[in-house]
Each structure stands twice: as structure tokens, then as C-alpha cells.
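Here the protein sequences come in this chain order: A and B. Heads up, the final residue of the first sequence is numbered 346 in numbering that gives the first Met the number 0, and it's a clean run with no missing numbers. Heads up, the final residue of the second sequence is numbered 346 in numbering that gives the first Met the number 0, and it's a clean run with no missing numbers.
These aren't lab readings, by the way, just hints derived from the structure by calculation. Treat each hint with caution, since some may be false.
Said to hold, decoys possible - Keeping only pairs whose Cα atoms sit at most 30 Å apart, straight-line, the calculated DSBU-like set for lysine-lysine is:
#1 B/Lys105 <-> A/Lys196
#2 A/Lys238 <-> B/Lys238
#3 B/Lys137 <-> A/Lys229
#4 B/Lys121 <-> A/Lys231
#5 A/Lys229 <-> B/Lys231
#6 B/Lys137 <-> A/Lys231
#7 A/Lys65 <-> B/Lys196
#8 B/Lys137 <-> B/Lys170
#9 A/Lys196 <-> A/Lys65
#10 A/Lys196 <-> B/Lys65
#11 A/Lys196 <-> B/Lys121
#12 B/Lys105 <-> B/Lys196
#13 B/Lys117 <-> B/Lys105
#14 B/Lys121 <-> B/Lys170
#15 B/Lys339 <-> A/Lys238
#16 B/Lys196 <-> A/Lys137
#17 B/Lys65 <-> B/Lys328
#18 B/Lys238 <-> A/Lys196
#19 B/Lys170 <-> B/Lys65
#20 B/Lys196 <-> A/Lys328
#21 B/Lys231 <-> A/Lys231
#22 B/Lys328 <-> B/Lys170
#23 B/Lys328 <-> A/Lys328
What the hints assert, rightly or not - Coverage of chain B stretches by chain A, computed from C-beta distances (three or more under 8 Å per stretch; other residues unrestricted):
#24 207 to 220
#25 237 to 251
Built from N, CA and C at the ideal position, the CB exists for glycine as well.
Protein chains: 2
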Amino acid sequence: MIAAGMRLHAAVFLVLILAGGCTQASAPGAPPAASAPGPAPADPLPSWNEGASRRALTGFVERVTKEGGADFVPVAERIAVFDNDGTLWSEQPIYFQLQFVLDRVKAMAADHPEWRAKQPYKAVLDGDMKTLMASGEKGIGELLAVTHSGVTVDELGEIVRAWADTARHPKTARRYTEMVYQPMLEVMAYLRANGFKTFIVSGGGVEFMRPWVERVYGIPPEQVVGSRAKLKYEVRDGKGVLVKLPEIDLVDDRAGKPVGIAQVIGRRPIAAFGNSDGDFEMLEYVTTGPGPRFGLIVHHTDADREWAYDRGSHIGGLARGLDEAAARKWVLADMKQDWKTIYSAAP
Amino acid sequence: MIAAGMRLHAAVFLVLILAGGCTQASAPGAPPAASAPGPAPADPLPSWNEGASRRALTGFVERVTKEGGADFVPVAERIAVFDNDGTLWSEQPIYFQLQFVLDRVKAMAADHPEWRAKQPYKAVLDGDMKTLMASGEKGIGELLAVTHSGVTVDELGEIVRAWADTARHPKTARRYTEMVYQPMLEVMAYLRANGFKTFIVSGGGVEFMRPWVERVYGIPPEQVVGSRAKLKYEVRDGKGVLVKLPEIDLVDDRAGKPVGIAQVIGRRPIAAFGNSDGDFEMLEYVTTGPGPRFGLIVHHTDADREWAYDRGSHIGGLARGLDEAAARKWVLADMKQDWKTIYSAAP
Chain A
0 MIAAGMRLHA
10 AVFLVLILAG
20 GCTQASAPGA
30 PPAASAPGPA
40 PADPLPSWNE
50 GASRRALTGF
60 VERVTKEGGA
70 DFVPVAERIA
80 VFDNDGTLWS
90 EQPIYFQLQF
100 VLDRVKAMAA
110 DHPEWRAKQP
120 YKAVLDGDMK
130 TLMASGEKGI
140 GELLAVTHSG
150 VTVDELGEIV
160 RAWADTARHP
170 KTARRYTEMV
180 YQPMLEVMAY
190 LRANGFKTFI
200 VSGGGVEFMR
210 PWVERVYGIP
220 PEQVVGSRAK
230 LKYEVRDGKG
240 VLVKLPEIDL
250 VDDRAGKPVG
260 IAQVIGRRPI
270 AAFGNSDGDF
280 EMLEYVTTGP
290 GPRFGLIVHH
300 TDADREWAYD
310 RGSHIGGLAR
320 GLDEAAARKW
330 VLADMKQDWK
340 TIYSAAP
Chain B
0 MIAAGMRLHA
10 AVFLVLILAG
20 GCTQASAPGA
30 PPAASAPGPA
40 PADPLPSWNE
50 GASRRALTGF
60 VERVTKEGGA
70 DFVPVAERIA
80 VFDNDGTLWS
90 EQPIYFQLQF
100 VLDRVKAMAA
110 DHPEWRAKQP
120 YKAVLDGDMK
130 TLMASGEKGI
140 GELLAVTHSG
150 VTVDELGEIV
160 RAWADTARHP
170 KTARRYTEMV
180 YQPMLEVMAY
190 LRANGFKTFI
200 VSGGGVEFMR
210 PWVERVYGIP
220 PEQVVGSRAK
230 LKYEVRDGKG
240 VLVKLPEIDL
250 VDDRAGKPVG
260 IAQVIGRRPI
270 AAFGNSDGDF
280 EMLEYVTTGP
290 GPRFGLIVHH
300 TDADREWAYD
310 RGSHIGGLAR
320 GLDEAAARKW
330 VLADMKQDWK
340 TIYSAAP
């Protein structure tokens, strides 16, 4: 299936290892606009405990929306960007897009009897994660290419949608799209109610996210920036289609995130939300612009309700962000302390 | 300035030769929503003469917005894409972005005394268009790289903004941003008033368009798809910036337009507006999707008020589009017959 000479960008591994994912979340109702007269508005952030994190966020939003205030920001410039994996939904024990790849290899195996004896396919079919991981960038890159290319963008969308509707997480038994964070859904709705446009900026593939983010996060496909493959336009049966090529066009991670933002959004956002050092440059880019700025890191501290990890984690590693958050005035949101609830919907 | 080994993508020529541009247009007031009760709404398209082109457009909009109708399209899917050069503003005698490049070379020449004796710079400084054009892809690509790279995205934005505020077209003496088409401003406002999201999809550079399209077209930077350079993230004086590299990332023209749409917008638009064969694939991609579709070609037929050209034109050539428009049910808008006025504002 994969031509020998096919160019697999070295960064393909990163993309895979920085996926995106899916939730049957009931979108929280938009809170009333801050300036609406009448009875006291309902709490727009009911899943956030009182504390410094919550106060920093609401204080920022109040400042930038206060007409005539020193920090007022016109609606057009109220752009907020959100990492996906580990910021809007979980990412353990493996990035959900990698789980999608493994499931897809299994689904495709019936048409590929040769995979039973060929690595890294055999490792996937045997559930041998150790051998799979040892296949490294080359092996996992090949799996990514096999499962994400050749098809059209529309076809891949249907495949992802079907997977998101049925696949379940091994630990929680929830659909992956039911493992999105209720407090972050509230943040997005709160920002939108205050005139912000919310974008996802993820290391995961755009085509893996677009089929479900509108339903789950209320974010339309055109507000998703992510890693992307090269595409080729073709006419099939008289219909124009985009075919995914097995070549990476952008790795939207680390220093690639500001690049993706500049290419697609075209102006510097004023608020950024991340959880790992893969988001460092995005947070830096956003918070070093002129005027009021907001950066927040979701710190995974809750081993009981979710996972606890930061330094040295093979996924979502967070070290530099932890070290520099205070000096850079980034909010470190403590999942265990700050969040009343974790997930958005019952399994 | 230009390192010898610098990779100048072959397609760089195309990008240059497919620019974007600038107008001090007074944005037309949004017409009342079609379903608003009360007195008869003002004509949303006052610059369009009665006729088949106008009827085709209003008929399409009425069908897709009629709730319960067979052709109803939800608001989220009402995406319309517009080419820029020759569709939203003029493109003769040379693409306005090429004019910007030439003006920029002249402005930079004081710091480059060696340019007086070096081609293709000498040709620009001498106003010798024949020699300049003979320098071809290599020469013009070098000018594009020199004038569009090395600077940050923000710096280029300031340079473009200053140019748009002052430069004047040799024939009309208008600012380039005053050479946008009033009938097309009305189409965009009419579509937006009917729930459409309007995007530019241009062969011109995104960074050449974003500084002025919001003011001129009412289209925010994040709704501009265009040819783009590779970018590099850097921290300068503690501030994150994006530096433009002299390497093309996407040539958003011909088959590159559906690619740009799929990468950035992420869903198939339902309406497309173009003027040349550079827009053919975009029109094809948009109008071969399921459900109601609309395609329109602005046909330059008015040598008195604008320019008249189609087949064989060195800029904005239109042959296949002319030949196939009827069979594909694309509207051929005749500038001379269909448009009461051409430009949006007095010079």
C-alpha cells in the first residue's frame, strides 16, 4: 500500500503522537452577556471552584470587554486559541488519534492478510504496544500514512465520525468524545458569550478533529488549526474531491503552532489555553503581544478523576511551562483543586 | 540579500502574477434579513441591473434560506468563497500585488546601491517592464522574495497598509483599494445578511490582503485564504514573531484553490465567485457538491468603465470557464450589461 519511495516527513511521528479526538458533550448553554440588565446572570463557570484561576479568567474577560476601559479590546480582536489533547479532552494512556489509527489498522486488516506477518502491523493486530512503540517514527509514520491517506477528505471524515460514535476508551468505557472537560466547555461558551471567537490549535490532524468538533465543542470546522497533510485535487465521477497524500504539510506543534495561527487565523490571539510544553510557543506568542493578554495551562493533577502527570510524561510533558508560568503570568489551573467536575457527560 | 542557494519554488512566479490588493470603500449597509417583517426591504443589490445574473443569485439565496424548503441549507453550511483579483477588484494592467512589489523595490533601493547595476532590480528602477517581464519566473520570484521575506508578518502588514493608503493606480488615479467593485461589495453584504460566511480565496498572498480586507470588504483576516510563504517562529526582544521565509508554502491558484479551501475552511462552500480560469477548479469543487450550489464568473466586458478581456489575456485569462459555464450552470455576469456602477467610491 505504501510505495517504497514515499516521502514520509520525519515529523510525521510527532503529528501522530500529538493527536486530536471526540465527545457527545451536551454543550453548556451560553451564559447571558455580562452587561445584560435584569436578574443576576447564572454562573457561566459552574464547574470551576472559587480561586485564583477562576478569578484570573473572569478578571481578564471583564477588563477586555469593558467599553471605555484601559484594556478594552474590540470584538474583532477577541480571538482565543485552545490546544485540544490534554486541554479540551484527555490524552492518556495514548493520544486518542493514535487509538483511532490502531483501530483503523484492525478494521483494514481483513483486506490485508499480509499484515499478519508484517511489522508494525503485526504488533497492532497482536496488541503488542511494546513492539509497536519500538517501531518508532518510521513504523508509526507508516501506520499514519496507511490509515490517513489515499482516501478523500470527505471519506476520512465519515470514517472518523463512525469511529467517534462507537469506539470506547479502555479505562473509562466512555466514548472518546465524552472525555472532554466540562470546565473547558464552560470557558469556551463564556468567552463566546463575551464576543470571543474560539479556535482549536492542535498538534492533532485537522481532518481527525473537524468531523466532530462542531457538535462537541461548538467550534466550526473553519476554526480548527491542526497538523495537516498535503492534499491533491482530483475530479472523480465528475465531482471535485481532495485526496489526502502521505506527506505532512504542517506539524502544528511547538514552534509550529504560532506558524499555524499566523497562516490560518492571520492575527495574534489575545488568549491561549494549553497543557503541555507543546503549547509553550503558542502561549508565548499570544502573551507577548501588546495590550491585555491571557495564558492558561491545564495542569493534570488528578490521578483519581483523570490522570496526574507533568515532567517526564511520555505524553503531554510539562516542564518548561511549569518553570516559567509564574514569571510569564500564565495561570496554572490545577485540575484537582480548580475543577468541580472533569467530564462533560455520563458514559 | 538573497542567498544563492535559497530555494525559490518554481511556483513563486504564479503567486506574484496572481496578487491581491486595497480600497477605501464605504461598506454598503447590510440589507435587512429577507424574513424580516415590516415594510418592503431596501434593494440589497442596487448596483445590479435587472436580468438573468441578478435573478440567478437572488433565486439561489431565497431557496437556501427558505426554512422547510427542499433546498434549505443550515446557516453553518452557508459558506461563500470569492476570488480577489478581477472578481472583487481590478487586476489590470498588472496584478496590484506586482505593483506593490515594484513600488517596494523602489522604496528599498536607497539601501541597495548595487541594484542600479543589477537585474532585475535595474529594470524596475528604470521602469523597463519589458526587461523585467523577460526576467521571468526567476527574476520576479527574486523580487517577491526580497520584498516579502525577512520581515515579520506584522512588519509586512504595516508596509502593505502604508502602501495601500498612498499608492495610486496609473490609469484611474484611485487608490488601489478604491478599485473594488461596488456590485460585489453588495453581493457579499447580501450573502452575510442571509447568514453566509464570506471568505476570500485568492492566488494573491495572504499577508498582502489581510491588512486591508476587513476595512474594505468587511472580511476578517481569519476568512482569507491565499498563497502563503513558509514562516519561522522566533523570539525577538522577548516577543514572539513570525518571520516570512523566501519559500512558498501554498500556491492558492487553479487546483491549489480547492486545496487551500480544504486546509483552511475545512468544508465545501456552497457558492463561489471568480473571473478567470485560475478559478475554474474552485468553481468546479464548489458546484459539484451535493445540494444547491451557485457559481458565478465576472466577465470583464467593459472597456470603457474598466477593461475588456478574456481569452488569451496575459492576466485573468478566461477560456475554459467561458466554454463550460453554460453546461455547468455557472452564471456569466456581464460587467457591461449587469453592473450599473463599477467602483465603490470616488477617487
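Against the 30 Å threshold, does the CA-CA distance of B/Lys117 and B/Lys105 hold or violate the hint? Roughly 13 Å between the alpha carbons, so the hint for B/Lys117 and B/Lys105 holds.
Hinted pair, alpha-carbon criterion (30 Å max): B/Lys328, B/Lys170. Please report holds or violated. Answer violated: B/Lys328 to B/Lys170 is near 35 Å, above 30 Å.
Establish whether the coverage given for the region 207 to 220 of chain B by chain A is satisfied; the threshold is a Cβ-Cβ distance below 8 Å, and no fewer than three residues must meet it. n = 4 at 8 Å, threshold three: holds.
Given the hint that B/Lys137 pairs with B/Lys170, does the C-alpha gap stay at or below 30 Å? holds, 28 Å
Is the straight-line distance between the alpha-carbon of B/Lys238 and that of A/Lys196 30 Å or less? holds, 23 Å
Keeping to a limit of 30 Å between CA atoms, is the pair of B/Lys231 and A/Lys231 held or broken? holds, 25 Å
Holds or violated: A/Lys65 to B/Lys196, with C-alpha atoms at most 30 Å apart: Since the Cα atoms of A/Lys65 and B/Lys196 sit roughly 27 Å apart, the hinted pair holds (cutoff 30 Å).
Quick one, are A/Lys196 and B/Lys65 close enough, alpha carbons at most 30 Å? With Cα atoms ~27 Å apart, A/Lys196 and B/Lys65 stay inside 30 Å; holds.
Restraint check for A/Lys229 with B/Lys231, where alpha carbons must lie at most 30 Å apart: Since the Cα atoms of A/Lys229 and B/Lys231 sit roughly 19 Å apart, the hinted pair holds (cutoff 30 Å).
Just to be careful, I want the Cα atoms of A/Lys238 and B/Lys238 compared with a cutoff of 30 Å; is the pair within it? The hint is violated at about 46 Å.
B/Lys170 and B/Lys65 were given as a pair; does the straight-line alpha-carbon distance stay at or below 30 Å? Since the Cα atoms of B/Lys170 and B/Lys65 sit roughly 44 Å apart, the hinted pair is violated (cutoff 30 Å).
Holds or violated: B/Lys137 with A/Lys229, Cα cutoff 30 Å? holds, 25 Å
Checked against the numbered hints above, the structure breaks hints 1, 2, 4, 11, 12, 15, 16, 19, 20, 22, 23 and satisfies the rest.
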